Amino acid sequence: MHDVESRLRATLADHAGDAPPLAGLLSDVHQQSHRRRRLRTGLAGTAALAVAVLAAALGPRLLVTHDAASPARPAAPPTTHPPVAGSALVPPKITAPVFPFAAAPRPSGFARPTTRLAGGAPTLAYVSTGARPESITLAVQDTAPPCASAGDRVAVRGRTGLAHDEEFHRVLCWQEGPDQWVEEVASVSVSRQAMLAVTERLGQGTTAIDVPFSFDLLPEGLVLDDMSASVMSFRLSGEPRTPDAFIGELTVLLNERGEADADAKTVDVGGRRGWIHSEGTDLVLNVYLEGAVLAIQVPGSLHLDEADVIRLGAGVHVLPAAHPGKG
Amino acid sequence: MADGFDEFVVSRGHLLLRFAYLLAGDRHLAHDLVQEVLVRAHRRWDHIERLDVPEAYLRKAILREYLSWRRRRSSTEIVVADPPDRAAGIDPADRAADRDEMWSLLVTLPRMQRAVLVLRYYEDLPDGEIAGLVGCSAGTVRVHAFRALARLRASLVETSTPSEANHA
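Note that the protein sequences, when read in sequence, are chains A and B.
In terms of this note's numbering, the first sequence is residues 1 to 327.
In terms of this note's numbering, the second sequence is residues 328 to 495.
I should point out that these hints are in silico values taken from the structure, not numbers from a laboratory.
Here the structure is a predicted model, which means the values were calculated and not measured.
It is possible that part of the hints are untrue.
Listed next, the stretches of chain A that the computed footprint assigns to chain B, with coverage defined by at least 3 CB atoms under 8 Å from CB atoms of chain B [as the list claims (entries may be wrong)]:
hint, region
1, 4-16
2, 22-31
FRET-style restraints, in silico, Cβ to Cβ [what the hints assert, rightly or not]:
hint, chain 1, residue 1, chain 2, residue 2, range
3, A, Tyr288, B, His374, 39 to 47 Å
4, B, His374, A, Glu290, 43 to 51 Å
5, B, Val337, A, Glu166, 28 to 36 Å
6, A, Thr129, B, Arg339, 31 to 39 Å
7, A, Ser189, B, Arg371, 47 to 55 Å
8, B, Gly455, A, Gly271, 40 to 48 Å
Each residue gets a CB set at the ideal place from its N, CA and C atoms; glycine is no exception.
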């Protein structure tokens, strides 16, 4: 006992030195803080944005459908029924978002762009490959972002946009169509000319956002709010978007690893091993897959019991585009 | 407000990162944990700054963020993507895990057990104080610690003397 404790103490002291470096933390915090402030402001009154593309043939259990008929037009929220007590699980039909432009070729020194849905906004990001971390991110929404109220007038794609510089980044936004605004944010080390070059090379068409999961069953009344290679998160219809994602949402994510809570109960999830436990009014189900853990958080407001959550979990299918995340 | 906040992060941020890293066992996640807590603190820094020990407040926030499964978007997910210095190369934590058996075993512990061990053996906090931080009784803290240490001890015995373990 004593040996284990001594060794543990020494190990922790030793490894504390391997902690991530402080460099960059402050600027990351400022960037993120600013981003959220803008998001909080910009989200007021924003309706759900869903742009459709053609369906991929994923079978009857498909959650997300694609429709290419209206590639750049905002569509109605995929579902409009409010959640009810004891929500029934039904085969879902939810429209997947796409980034409503063909991606511009990557600028020199940047990696291939990545897409995701972030807080309801289709987003495309270029990240530098060099030692200096730089990024250019474009987000599309259907109402004017805060940056549209002031700034230098600049010509963007044959329109007039507004640009301004902040401490850690540059911002450019313009109205592309009647219900379509684009906000571009870049590291302050990226020139305004480079930002404009990206916008000018956005093409007609769409860029897909990879879908990581399909579902046999989901409660009614959910709206897809976040999607990336490791997560799909749904807010309840009628609930406002918030910059603090996943809180109070039905979230499914693929983790590199996971662990059972001390009070977790072992369950069979469609032939796979899982653990379920409650956190406040929420239920959390972890399903162990080969090399990853599928974690499903169900908010208490959906009023699903354990059996429902296990049924839901048994019907989650990890698609090839999925990539486990950390945490 | 900003000056005080910036000063705090520059002078104390490395300690928060160490604490988060020992909890999470992963450099990326530790960075995200600290960043998430600081972003929220930034908004309310006027209030937090007036506390006797803002650092203790932030450590507690990091701990709670770590213990909560209900994650938020990480910085690497919401703003852009991983800066290259995070995405490339071999994670020193991975190298450490390879060379240090105890560290590797710690990573396998349930989150609450690991948190209790870090608070007890790195922060040197008494069980009563740990109980207040993690939101349970001191008795439960002792149960978590007992189970965690038992698991570490058993694993160390297994790996050091496999033949004995096989016959046990």
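Comparing the hints with the structure gives:
1. 4-16: holds (count 11)
2. 22-31: holds (count 8)
3. A:Tyr288 x B:His374: 39 to 47 Å: The hinted range 39 to 47 Å holds for A:Tyr288 and B:His374, with Cβ atoms some 42 Å apart.
4. B:His374 x A:Glu290: 43 to 51 Å: holds, 47 Å
5. B:Val337 x A:Glu166: 28 to 36 Å: violated, 20 Å
6. A:Thr129 x B:Arg339: 31 to 39 Å: holds, 32 Å
7. A:Ser189 x B:Arg371: 47 to 55 Å: violated, 30 Å
8. B:Gly455 x A:Gly271: 40 to 48 Å: The hinted range 40 to 48 Å holds for B:Gly455 and A:Gly271, with Cβ atoms some 45 Å apart.
In this structure, the hints that do not hold are numbers 5 and 7, in rising order.
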